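Protein chains in written order, with our numbering: chain A, 27 to 331; chain B, 27 to 331; chain C, 27 to 331; chain D, 27 to 331.
Keep in mind that the hints were calculated from the coordinates and are not lab data.
Identical copies go unnamed one by one, so any copy, or any two together, can satisfy a pair.
Simulated pairs of lysine-lysine, PhoX-like, Cα-Cα distance not exceeding 20 Å:
hint	residue 1	residue 2
1	K284	K311
2	K292	K311
3	K170	K210
4	K176	K210
5	K130	K176
6	K210	K130
In this text, all values refer to a predicted model and were calculated from it rather than measured experimentally.
4 protein chains.
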Amino acid sequence: MTGPDKWFFDKINDNLMQLHAISNVLYTGKTRFQSIEILQSPTFGKVLVLDGKIQSAEIDEFVYHEALVHPPMIAHPEPERVFIAGGGEGATLREVLRHPSVKKAIMVDIDADVIEVCREYLPDYHAGAFDDKRSRIYNTDARKWLAESKERFDVVIIDLTEPVEEGPAYLLYTKEFYTIVRSKLTANGLISVQSGSTSYVELTNIKAVARTLRSVFPIVRIYQADIPAFGGPWGFCIASMQTDPVEMSAREIDKRIKARGLNCLKYYDGITHTGMFTFPRHMRKALAGGGRLISDAKPLYLYQE
Amino acid sequence: MTGPDKWFFDKINDNLMQLHAISNVLYTGKTRFQSIEILQSPTFGKVLVLDGKIQSAEIDEFVYHEALVHPPMIAHPEPERVFIAGGGEGATLREVLRHPSVKKAIMVDIDADVIEVCREYLPDYHAGAFDDKRSRIYNTDARKWLAESKERFDVVIIDLTEPVEEGPAYLLYTKEFYTIVRSKLTANGLISVQSGSTSYVELTNIKAVARTLRSVFPIVRIYQADIPAFGGPWGFCIASMQTDPVEMSAREIDKRIKARGLNCLKYYDGITHTGMFTFPRHMRKALAGGGRLISDAKPLYLYQE
Amino acid sequence: MTGPDKWFFDKINDNLMQLHAISNVLYTGKTRFQSIEILQSPTFGKVLVLDGKIQSAEIDEFVYHEALVHPPMIAHPEPERVFIAGGGEGATLREVLRHPSVKKAIMVDIDADVIEVCREYLPDYHAGAFDDKRSRIYNTDARKWLAESKERFDVVIIDLTEPVEEGPAYLLYTKEFYTIVRSKLTANGLISVQSGSTSYVELTNIKAVARTLRSVFPIVRIYQADIPAFGGPWGFCIASMQTDPVEMSAREIDKRIKARGLNCLKYYDGITHTGMFTFPRHMRKALAGGGRLISDAKPLYLYQE
Amino acid sequence: MTGPDKWFFDKINDNLMQLHAISNVLYTGKTRFQSIEILQSPTFGKVLVLDGKIQSAEIDEFVYHEALVHPPMIAHPEPERVFIAGGGEGATLREVLRHPSVKKAIMVDIDADVIEVCREYLPDYHAGAFDDKRSRIYNTDARKWLAESKERFDVVIIDLTEPVEEGPAYLLYTKEFYTIVRSKLTANGLISVQSGSTSYVELTNIKAVARTLRSVFPIVRIYQADIPAFGGPWGFCIASMQTDPVEMSAREIDKRIKARGLNCLKYYDGITHTGMFTFPRHMRKALAGGGRLISDAKPLYLYQE
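Pulled out of the complex, with its shape left as it was, chain A reads as follows:
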């Protein structure tokens, strides 16, 4: 027989699936919170799958993690304290720690097993970040931890699985949660949130996240990056009380990157930043309004209106 015979079905929505050939299953198991798989793909390398959804792939995880981390980190003049909700692979932490001003990076991921499996099977993802002396890892509910914390943060990064019913993350996408975040940010602090597909045919999630952030923060921007392993363009929201990342010029961004010694970045730079926030006309219109408010009482589940 010709061609691959083992396929991973990534259900993008009810009417669309992306099928990835897989050459091997490196790990498969269930934690207290979710199912976890590490698959080997001929195209994407090692792929982390939680509850049946691809979280990141070796070949393009740098796009996802740089896109999530650097816009708020660069927009802040000197981020010292960073809070990460989720981020089990350790790659978000890895990107945060590249910024030399960072003194403390707290990562709260409820699922210790995911971290353990990623540590063992995806060592290039964390690249030692878990062992950096500036890192603190807690395995508890990120919302609870943040609510009870007395600290304030310059940057908060929400790197969670998508909100699945009964899943571990759905209460970290609500207005109530973002209100807690706001109260824990420093005056010029920023939050970035992975927010789901920005495919023109699948905007429910991103619009709801943006709408909900807008109910809490005066400045909210949507941006995107193309991440092939996710089957299309992927959206992020960035929000703050004071700082608008769209007002930063490519030149200014490149200056900060250089000043912080971040020439190692593969995805992000000034031109990239400009492109990420530049949507074509129909997308600007589609993203302009609407979206529903996500609240504890009426949470959002993946791609359901």
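With chain A held as given, fit chains B, C and D onto it using these hints.
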């Protein structure tokens, strides 16, 4: 049973497939040159499929056709004569004819049956363009027609299926063909070419097309648009002897759009133009060099090195 | 591209799917009770699909319908009155009417739209049976009709879709329904029931149907036929108060077939009959006991324990 | 997400695929001759796949191996010397060795790596058979070995992968090979051959194998067993110069089984035997004639006419 039960398999590459739920098959047949299907998709509306590859879908064909047509048409100060190779749906012609300066639009598509089927099943695609008195439709080999023509064109648009072995289009992607095109362009004429995926994991086609154009034209630019029906970002090349579309400001583009009365456009405007040519860092690097020269003696077949 | 691009997904169970290439969709719609599709398959010809499950296919419908109908019809010495529950395609009726002793064949299928669509798109299935003057067609609930009927029948044939939650058929698989059937059978009457897969890995349905029939009838036998369109061997139950079809010799069956002028049969004869009731050792063991009692209070849904 | 996300695609023919959910990949590799995988299926247990085709599955391998081995072994009054071509899993050997009269069992499988992997990953398949002192295992071409051998055998069992172009097995399905087998059989010896699908829609292989055997042996019978992991009923041919297994009564078979102490068999007994050779009417007709002669000069490739 829950969920759709009929699926169209779109083989993106050997290791990746996109599956579209289909609710109906509106037409299926074989022409002298290729197989043709019109499928009904709950997400994408009517979808045209030639030789098993999606050509365009009702919901986002405007993205594809505006992206293919307007960059060269706007970059030219006053396009009067336009040549389209392929373009069976009639939507490329439709976009060309929006420009009031156009006096003659010649479309050469080898497959009269495709045109016939599209005329009947996809009337919104051509929207009357076939019957516009400025249109001339020829069903013959576009290369042969162009080589033998005595006319010169301001804009040439290559709207072909991808180069499949034995397929109708593979000799319209070669250096020899682009050389013919150059000889038929006016001094400040431009050519745009649909050039395949710009997914980071599937750049073989676009790089080869760009490389080949560079062997004929001094100015060649790659740009892209996200087209969900194609399963990711889609690439185009634009080339010319004199005009670099990257040098046009968003403001200038919007000025020309307004002057030509093109406010009806849904996808393209000045901001869109800027975004289309702005690739992130890793893509700029990946697209910068390489790609192989496509020639009649060594043609390119879809996604084969 | 090589190979078919449109596939029908037949979910056999949670862990097994059969995919049929389809070349066309001849009909698709929704009735008051179920979804209905007529698909064109290169291998199986026209295929009728209700609620996502294949009901019958042109190439092998004769196997299914002969297997369902002739064992009870032949086991009865002179069937005059026959009741069919379901049977929308008309092919069960067609087989029943082949027996010259039949004076009246009543078919009660709740879904008039299914009958209408089959009449139009699958004329070879009914082959005029709907217009036979011995036929009576009612579109109402078969259980209600039978319960209220004053007639008695020599043969009752249950030709229903599988019991899907909220589907039209699940109350026609219960002990209460079979008790009604018993009260409407003549003394030497028989009932046959299509009963689902007899694949060794998927015996839940057939065992439950057999178990439930055994709670109502003293003689119950399971038999099977291989029906490729269904993705494997398919099971039927036959039950009665007096007649055991296993005790009939191949010779006796062939004699009756000849006497009734049924040489037209393609599937069923004496040897076929013997083979249908002959299960290999592991299957005899697996089918011997167990299965749960289906009742109105605790109905069975497809392949759920 | 609900439902399995990893699937094995078993291409049954161009228009039919069976998809098995897989929970893990236990082994994947390439030998000198073929690709080899051991998959974990929730329904079928461990599954051996060679060159993309399922060879056997934990849950129903006993059906396949008993069906292949015991008909010729029981039809022979006292088999002492047995030759197996292929049989890498060791389960055919296991079944052969159950017969107490066996003094020597020679297994020739070209692919030592398959044997090694099966030994390690599928220990219940061989169940110690490789270490039985009556066993001889050779890793060379079975045809060459047999042609050069001076020994004669009571039973020859052909347990090969299907004939794939360039695959290791296609020259072991030809008239020339069966002629060699005949010359190495004792006077009342028998040969059994796994012969592919007996699905009504896919009879090319079985008919060609039967036709070819008939050109060499006077007695040839087709029989079948339902093997869910293979996606339907599976065919075998048995041939000999003198012995017709169809003439054996169920009673006689059960007597021999008892005399040989084979009560451990799960699939095979007298009733099973009778059922295996009993095809329904349409299948008897379809299998009766036709099929093409397979020769070295014109070999058969899987399901190609």
